[in-house]
Structures are given as C-alpha cells and as structure tokens.
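Build out the structure end to end from the sequences listed, making use of the hints.
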Amino acid sequence: MSISEQTLAESRELAGRYPKARSGIVPMLHLMQAEVGMVNSDVIEACAEILDISTAEVVAVATFYTMYRMRTEGGEHHIGVCVNTGCGLLGGDALYEALAVKLGVGHNETTPDGKFTLERIECQAACTHAPVLTVDWEFFDHSTIAEAMDVIDRLTAGEEVLPTRGPAVRGWRAAERTVAGLDDGLADEGGGVDELMLAGLKVAKAAESGVDGTVKK
Amino acid sequence: MSGTKLTPVITEYWDDAKPWSIDSYRSHGGYSTLKQSLETDPDDVIATIKDSGLRGRGGAGFPTGMKWSFVPQNDGKPHYLVVNADESEPGACKDIPIMLANPHALIEGVIMTCHAIRAHHAFIYIRGEVPHPIRRVHQAVAEARAAGFIGKNILGTGIDLDVVVHGGAGAYICGEETALLDSLEGLRGQPRLKPPFPAVAGLYASPTVVNNVETITSVPYIIRNGVEWYRGFGTEKSPGFKVWAVSGHVRRPGIYEAPLGITMRELLDYAGGIREGHELKFWLPGGSSVPMLTADHLDTPLTYEDMVEAGSMLGTGTPMVFDETTSVVKAITRWLEFYKHESCGKCTPCREGTYWITGTLEKFQGGFGQEKEVDELVELCNQIMGRSFCALGDAAATPYPGALKYFRSEFTDALTQPPDDLFSPSATMVIPSPAGVAG
Chain A
0 MSISEQTLAE SRELAGRYPK ARSGIVPMLH LMQAEVGMVN SDVIEACAEI LDISTAEVVA
60 VATFYTMYRM RTEGGEHHIG VCVNTGCGLL GGDALYEALA VKLGVGHNET TPDGKFTLER
120 IECQAACTHA PVLTVDWEFF DHSTIAEAMD VIDRLTAGEE VLPTRGPAVR GWRAAERTVA
180 GLDDGLADEG GGVDELMLAG LKVAKAAESG VDGTVKK
Chain B
0 MSGTKLTPVI TEYWDDAKPW SIDSYRSHGG YSTLKQSLET DPDDVIATIK DSGLRGRGGA
60 GFPTGMKWSF VPQNDGKPHY LVVNADESEP GACKDIPIML ANPHALIEGV IMTCHAIRAH
120 HAFIYIRGEV PHPIRRVHQA VAEARAAGFI GKNILGTGID LDVVVHGGAG AYICGEETAL
180 LDSLEGLRGQ PRLKPPFPAV AGLYASPTVV NNVETITSVP YIIRNGVEWY RGFGTEKSPG
240 FKVWAVSGHV RRPGIYEAPL GITMRELLDY AGGIREGHEL KFWLPGGSSV PMLTADHLDT
300 PLTYEDMVEA GSMLGTGTPM VFDETTSVVK AITRWLEFYK HESCGKCTPC REGTYWITGT
360 LEKFQGGFGQ EKEVDELVEL CNQIMGRSFC ALGDAAATPY PGALKYFRSE FTDALTQPPD
420 DLFSPSATMV IPSPAGVAG
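These protein sequence lines are chains A and B, in that order.
FYI, the numbering for the first sequence is 0 to 216, going by numbering that gives the first Met the number 0.
FYI, the numbering for the second sequence is 0 to 438, going by numbering that gives the first Met the number 0.
Please keep in mind that the hints were generated in silico from the structure rather than gathered at the bench.
Owing to the predicted nature of the structure, the values given are computational and were not obtained by experimental measurement.
Do not rely on the hints blindly, as some may be mistaken.
Derived contacts from chain A toward chain B, CB cut-off under 7 Å, selection only [stated by the list, open to error]: (1) Val60; (2) Tyr64; (3) Leu88; (4) Leu89; (5) Cys122; (6) Gly165; (7) Thr177; (8) Val178; (9) Gly180; (10) Val192.
Backbone N, C-alpha and C define an ideal beta-carbon position, used for all residues, glycine too.
See below:
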C-alpha cells in the first residue's frame, strides 16, 4: 500500500463527517488522487478497506466521475478550456487549439515532462466571463490566446500565476485536496468578486444617486 | 424613486471589501433575526415561505414552501436538507457567484430551512470543479459555527444542526436531485424513479428537501423583511427578485439582480445591448435545456408562466444571448455533444438518443447531412422526450426542435455547405482571433 498514513487518517476523517461513511467516497477519492496523482489500485483498495465495501464498488463509483484519472497520472498543472457553446464559440475553441499546439498534447493528455494536462471541459458556470480557461480549476476569465500562452510560459518558468478570481495556482494535486474538503486557508485570497459580478449593482447605485442611469424610464 | 428596475438584494453589498465574511454579512443585517426565526413554530416558517410565493431557482420553478410542506412530520425518521450547488447547466452562472460573494446568506437560509423542515443535518453539494466557492462555503460554515449559529443548542434555542460541505467530482447529471442524492450516498450519480419523491424518501431513504443555492439564499431576506415586502417584487404568480446572469454577445455581460417580470429588452439595456455593430439573433432565458427565443420575445416578461406561454421556459434565469454571427447548427451541435457526454447511461432513450442526435448533427456540421434527416431528427427527439427517468433526456430533446422552429433554413443550408463556411468562427469570437495573435 502506497497511501500515506496521513492521507488514510484524513480519509477516515472525511468519511466520519457523514451519517453513513460511504457518503465520503467522492471526497476520499479526491484526497487520495491528490497524493497518488490518479485513482490506481492502491487508492481503490484503500477506499474499499476504509468503507468496508468491495473494490468493484469503489471502481463503479470512481469510473462515473470525470475528475478522477483512472488510466494515467495527471500533470503538475491541469489546464481546462470550456468548449461548450457559450465559451467555445466565443473563443474557447481557438483557445483550446492554441494550447494544444503550444503544449503538443490533445484532450486528456499530459506533456512528456509531466508539467501540464490539457482537458476540454464542460460548462464551468462562468458563462458571463466567456471564454473561460481554468488552471488547477481556478478561474482565468475571459482569457485571450495571448494571455493563455503567457500563463503557460510563466507556469513553465515556475513564476507565481494569479487567476482572475481565486488564489495563486498551487498545482492540480493541491486543488484536489481543497475539493476533497480540507482547509487550505485560502478562502480570503484572490478576491473573487469582479466587475462583471458587480455590473448590475453599479448600474443600480448610479441610478440611485442620479449620476448615470444607463436606462431611464 | 430611482430610474432603474434593478433591485440588488442578494447582491446589495457585493462591493464591500470582503462581502463573503461573516462581519460583512452581519453589518447588513445578516443573522439579526435568526434567533427569532428559530423560536418561531416551524409550521409558521413554512407558511411564510408558502405565502411569499418563492419558487425554486434551479430551473423547475416548483413552489418552495409547498415542497417543504411535503416532508412528513413526527415520522420518527431523521430529515435532511440538501442544497443543490452543482451548478453545471450550460448558461447558468449565478450560484457560483452567490457562493463566492455571499455564502453567509446561503448558510443562514440553510439554518432557517432546517428549522422549518425539522432537519438537524444539512449538506451543501458543490460541484467539484470550483475550489474557490468550495473554500468560501467551508469558511462560512466554520464562521457560523464559531458564532454559535451551527452546532449544538443554537443560540440557546435547544436546536442542533450540523452542516456538511460536499464537493462533487464532475458529473452534470448530479444536478438532478435524485442523482445528486445517489451521489451523496456514495454511489454512481444516476437518477431514481419518482415517486417516491425525496420529500418522502430522499437521502438514506429519509425525508429530504433538495433546494437550489439561490432559492435557499432568498430565504433569510424573506424571513427578515416579510411576505408583503417580498411580494412587492415581481408578479402575482412569479413573485420576488432574481439574480440574472446575462452572458454572450452583449457589451457588459454580468450579474443583474431584478424582479421577475422584467423583460429581456430591459436586461439587455442594462447589459449595454448587443456588442457594437451586431444584432440579436437568438437568446435562451435560462440554460441550454430551454428552447431558444428571438427578438420577437424581447418584451415578454421573464416569469415562469410567460416564458412557457412564449414556448420556452425560465429555467435557471440566466439568459444567453447570441448575435447574427452565430451558427445555430453549431450552437445546437455543441449542446447535444454535451448532453451525450453527460447522459448517465441509465435510460436507453437518453443514452442512445443523444448518441444518434449528435451523430446526425455532426453530419450537418460537416455539411453532408441528408434532407430527410432534418425532420427525422424531430421524430428522434420526440422518442426521447418524456421517456427517461429524469429531465436530462427531455433537455437533450429540446434544443433541436426549438432551433428548427425559427432557423430551419440554416439546417437545410448545412446540407450542402458546412456552417463554418457560412459563419466565420472568428466572427463569433469575443477575443482576438488566432490570426490577430502575432507569432
């Protein structure tokens, strides 16, 4: 078994948050994937043992969800491009093409150096901010091709990279721990309330104070 | 009176320095009536929400108070509240902003709702692909716990409540309430046959209320300000305010909070209109699962009833707007590829049907479809509609007939010419095209 004692203890803690331990399987898989880089047989066996279910039951769950990597380890950084209609047609398709060329990989593939995994992702619930790029699942809103290229260059150089909404990216595995439900102490970082989220409030306040009033009735 | 129809309530203080903090929320009245609410008879809380006319903001628009009243009382079973924060509907982008900017209103709503339905355990199921909202909601729960709003004997009322924040793992179908419950039980997220409805047999086969983030976030404002105040917004049958998220080819996409009954023309005005030099082609009131509308429907009030009357649905209330550069064939094909990818595979009509629709649409996309297929596809959609356990099948059967109604010629044009030749992909983009990027 290659799962560390710490991760096993944290997994048990996750399972203990629920009235029935099995409810913890989705977070547990995230957590173990954060350590191993994928959901391999060690992860499956560890989950089965903690939850006292069969490995087949764990596999059945793990294979249902797209965030788990069942075949190959994920790269240091996960690069996602939304290609659903709202983002794809507004620029996401071009972003994806440019990134695929730059990284030399296709959908769900990892660069040979293990640095980046590229994925065509589905709607990220940020259509107002189209086209959306994600790095380690943090929002890089309204990303241009030039900006996306720059993000890759800076990540390659090991520089700090800030999303448009969220804390500085720390790698895919760190994000997986956060998604699993472990506190990373970053909730106050990275703003998260941007101009687009304040668009209506600004119009309302301007109208209130009689300043602008984009729409006058 | 101000010259605007916008009514920031949930979004009112999002321009605070840290609107997501408990201090910020409390400085705007948050949690101020929580104790009073917890000392109110649960049935009276349900009655208040019923009287307010609040309807579910997740897409179906079911009356919230009525849903709560379906939970059996004195049945000896534990009751649960599950907040559906699995926002993944293409076009929907309102719950993620609410959780980023105003998670405490959601938490106060959770506490009030649990009291009403006599639940001592709540779960907030957030899609896995959004770590930042997950952080914010975890922190809000921790802050509320530290303030004594969650835990044992809340504010001395004798009420106990535990709230668990749960991250998903990438599956659109888990936004469907029964699939969400299966997922939360640690299973593959596949829908259940209804009845029994979750209110009777939900999580762990116990009575469970599943409500959308925006629905629950509206609750504390209604409880604090009263039914009359709430009904002062919106229309008789669709009362209240709504967080509208306007996206697409508009000058100022973003969040605009306004009462139900506002029109798309008005929302478009606030969003600065269609981008410079272009005109509206089609729009969807709330997600890809509702039929598209055109400029003819701009003055139809955005209410649950009026949207159905117009041949669409209000859905999530997050209008997507597309201008004349957009290929309808391409837009629809992309949505169907999504439904095909996200179909859980449980029901044959949806699993196989999304595969066949997508295959045919991809032929149109390539410019080599056959004329008879334009109508065959409608028949195929009819064979899916109403024949699956959950609404994903219906949703997948919706975009094509809706598009054909207004843009039939685009599908027949595509029989001989690929849509990408007829509609330049770079013209549809809102970022500089690759050609514009030197080197």
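- prompt: Does the CB of valine 192 of chain A sit less than 7 Å away from some CB of chain B?
  reply: holds (5 Å)
task: Would you check whether tyrosine 64 of chain A satisfies its interface hint, that is, whether its CB is within less than 7 Å of any CB in chain B?
output: Because about 4 Å separates tyrosine 64 of chain A from the closest Cβ in chain B, which is inside the 7 Å limit, the hint holds.
message: Next item in the hint list is glycine 180 of chain A. Is there a CB on chain B closer than 7 Å to its CB?
response: Hint holds; glycine 180 of chain A Cβ to chain B Cβ min 6 Å, cut 7 Å.
Interface hint outcome for valine 178 of chain A [beta carbon to chain B under 7 Å]: Given a least distance of 4 Å, the restraint on valine 178 of chain A holds.
query: Hey, does the threonine 177 of chain A contact hint survive, CB to chain B under 7 Å?
result: Hint holds; threonine 177 of chain A Cβ to chain B Cβ min 4 Å, cut 7 Å.
query: Measuring from the C-beta of leucine 89 of chain A to each C-beta in chain B, is the shortest one below 7 Å?
result: holds (5 Å)
- prompt: Measuring from the C-beta of glycine 165 of chain A to each C-beta in chain B, is the shortest one below 7 Å?
  reply: With a minimum Cβ separation of about 4 Å from chain B (threshold 7 Å), the hint on glycine 165 of chain A holds.
task: Return the status of the interface hint for valine 60 of chain A: holds when the least beta-carbon distance to chain B is below 7 Å, violated otherwise.
output: holds (6 Å)
message: The hint names cysteine 122 of chain A as touching chain B; please verify it with the least Cβ-Cβ distance against 7 Å.
response: Holds - the Cβ of cysteine 122 of chain A comes within 7 Å of chain B, reaching about 4 Å at its closest.
message: Quick check on the hint: leucine 88 of chain A CB to chain B CB, less than 7 Å?
response: holds (5 Å)
Hint compliance for this structure: every hint is met.
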